[in-house]
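Participant: Make a model of the complete structure from these sequences and hints.
Residue numbers (this note's numbering), protein chains in the order written: chain A, 1278 to 1392; chain B, 119 to 232.
There may be inaccurate statements among the hints.
[As the list claims (entries may be wrong)] Derived lysine to aspartate or glutamate pairs resembling EDC-like cross-links, with alpha carbons at most 16 Å apart:
id	chain 1	residue 1	chain 2	residue 2
1	A	1379	B	176
2	B	140	B	185
3	B	159	A	1321
4	B	158	A	1287
5	A	1315	A	1287
6	B	159	A	1287
7	A	1379	B	162
8	B	140	B	121
9	B	127	A	1321
10	A	1347	A	1306
11	B	156	A	1321
12	A	1280	A	1306
13	A	1347	A	1336
14	A	1379	B	214
15	A	1293	A	1363
16	B	158	A	1321
17	B	158	B	202
18	A	1280	A	1303
19	A	1280	A	1321
20	B	159	B	202
21	A	1347	A	1303
22	B	156	B	185
23	B	127	B	142
24	A	1280	A	1294
25	B	171	B	185
26	B	137	B	203
27	A	1347	A	1332
No wet-lab data here; the hints were simulated from the structure.
If you want the building blocks of each chain, they are given just below.
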Amino acid sequence: AQKVTQAQTEISVVEKEDVTLDCVYETRDTTYYLFWYKQPPSGELVFLIRRNSFDEQNEISGRYSWNFQKSTSSFNFTITASQVVDSAVYFCAPYPNFGNEKLTFGTGTRLTIIP
Amino acid sequence: DTEVTQTPKHLVMGMTNKKSLKCEQHMGHRAMYWYKQKAKKPPELMFVYSYEKLSINESVPSRFSPECPNSSLLNLHLHALQPEDSALYLCASSQEGQYNSPLHFGNGTRLTVT
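Facilitator: Here's what the structure looks like:
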């Protein structure tokens, strides 16, 4: 069975602080994809990143960075120097590499940046 | 601006009404999706269309009826809904089926059933 866990339900940090959102994906599959989506108060989900389980290199995009460690099944997301516009719900979403299965979202982490 | 457009943004309907939600994309994507999202919950997949054919129905009640008139349009027809169907309905598209292509979402239709 596959299981995605976002243990942090809600996080609040003061603007300009760094914050890390955790995601743990437990699976017996050796190959899979992991996605992160952002859902601001306006409602639409915005695609942030997709990583393949074979690629454990960290990725950085501006203030965003992702750390994937297959050994611990974790795919964590860090925002550096947070801004009020980062306030949103962030979903981790794994997808198996094979088969026509649905994209399953984690329960999400609500991030609030306090000005 | 989102490249997937959903109308209306808000909809209030009675349990005996018939209404439709509309979704449109012009990115040339061949897969389109309907998701339902209750408050403080993650989105849940309802339907997937791939190349204008229904490929996944997640055991959704028949009071929800999807339609894909062409590769750019996706409708969700609503009839005899229940108050518990009140939710945010999100449309999404992707380049191909349910595989590794990122989904592009619309802003959603916030539905209230009275």
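Participant: Indicate, hint by hint, whether the structure satisfies it.
Facilitator: Against the structure, the hints come out as follows:
1. Our distance criterion of 16 Å between C-alpha atoms is met by residue 1379 of chain A and residue 176 of chain B, whose separation comes to about 9 Å.
2. Of the pairs offered as hints, the one joining residue 140 of chain B and residue 185 of chain B holds, with about 10 Å between alpha carbons and a cut-off of 16 Å not exceeded.
3. A distance of roughly 14 Å separates the Cα atoms of residue 159 of chain B and residue 1321 of chain A; the hinted pair therefore holds under the 16 Å criterion.
4. Restraint check for residue 158 of chain B and residue 1287 of chain A: satisfied, since their Cα atoms lie roughly 11 Å apart, inside the 16 Å limit.
5. For a cut-off of 16 Å, the pair hint linking residue 1315 of chain A to residue 1287 of chain A stands: about 14 Å separates their Cα positions.
6. The hinted pair formed by residue 159 of chain B and residue 1287 of chain A meets the criterion: a straight-line CA distance of about 13 Å does not exceed 16 Å.
7. With a CA separation close to 9 Å, the supplied pair residue 1379 of chain A and residue 162 of chain B stays within the 16 Å bound.
8. Between residue 140 of chain B and residue 121 of chain B, the direct Cα distance comes to roughly 14 Å. Compliance with the 16 Å bound is thereby established for this hinted pair.
9. For the proposed pair residue 127 of chain B and residue 1321 of chain A, the alpha carbon gap of about 11 Å is at most 16 Å, so the pair holds.
10. In summary, the hint linking residue 1347 of chain A to residue 1306 of chain A is supported, as the alpha carbons are separated by about 11 Å, within the 16 Å threshold.
11. Distance restraint check for residue 156 of chain B and residue 1321 of chain A: the Cα-Cα separation of roughly 14 Å lies within the 16 Å cut-off, and the hinted pair is therefore satisfied.
12. The suggested pairing of residue 1280 of chain A with residue 1306 of chain A holds, with an alpha-carbon distance near 11 Å, which does not exceed 16 Å.
13. For the hint pairing residue 1347 of chain A with residue 1336 of chain A, the CA-to-CA distance comes to about 15 Å; that is within 16 Å, so the pair holds.
14. Between residue 1379 of chain A and residue 214 of chain B, the direct Cα distance comes to roughly 13 Å. Compliance with the 16 Å bound is thereby established for this hinted pair.
15. Proximity of residue 1293 of chain A to residue 1363 of chain A is assessed by CA-CA distance (about 11 Å); at most 16 Å being required, the pair is judged to hold.
16. Note on residue 158 of chain B and residue 1321 of chain A: the hinted pairing holds, with a Cα-Cα distance of about 14 Å set against a maximum of 16 Å.
17. Straight-line distance between C-alpha atoms of residue 158 of chain B and residue 202 of chain B comes to about 15 Å, which keeps the hinted pair within the 16 Å bound.
18. For the suggested pair residue 1280 of chain A and residue 1303 of chain A, the alpha carbons sit about 5 Å apart, so the restraint of at most 16 Å is met.
19. About 24 Å separates the Cα atoms of residue 1280 of chain A and residue 1321 of chain A, which puts this hinted pair outside 16 Å; it is violated.
20. For a cut-off of 16 Å, the pair hint linking residue 159 of chain B to residue 202 of chain B stands: about 14 Å separates their Cα positions.
21. As the CA atoms of residue 1347 of chain A and residue 1303 of chain A are separated by approximately 10 Å, the hinted pair is consistent with the 16 Å bound.
22. For the given pair, residue 156 of chain B sits about 22 Å from residue 185 of chain B by alpha-carbon distance, which is inconsistent with the 16 Å threshold.
23. Restraint check for residue 127 of chain B and residue 142 of chain B: the C-alpha separation of about 13 Å stays at or below 16 Å, so the hint holds.
24. Between the alpha carbons of residue 1280 of chain A and residue 1294 of chain A the distance comes to roughly 30 Å, so the proposed pair goes past 16 Å and is violated.
25. The hinted pair formed by residue 171 of chain B and residue 185 of chain B meets the criterion: a straight-line CA distance of about 9 Å does not exceed 16 Å.
26. The suggested pairing of residue 137 of chain B with residue 203 of chain B holds, with an alpha-carbon distance near 13 Å, which does not exceed 16 Å.
27. In summary, the hint linking residue 1347 of chain A to residue 1332 of chain A is supported, as the alpha carbons are separated by about 9 Å, within the 16 Å threshold.
Comparing the model with each numbered hint stated earlier shows that hints 19, 22 and 24 do not hold.
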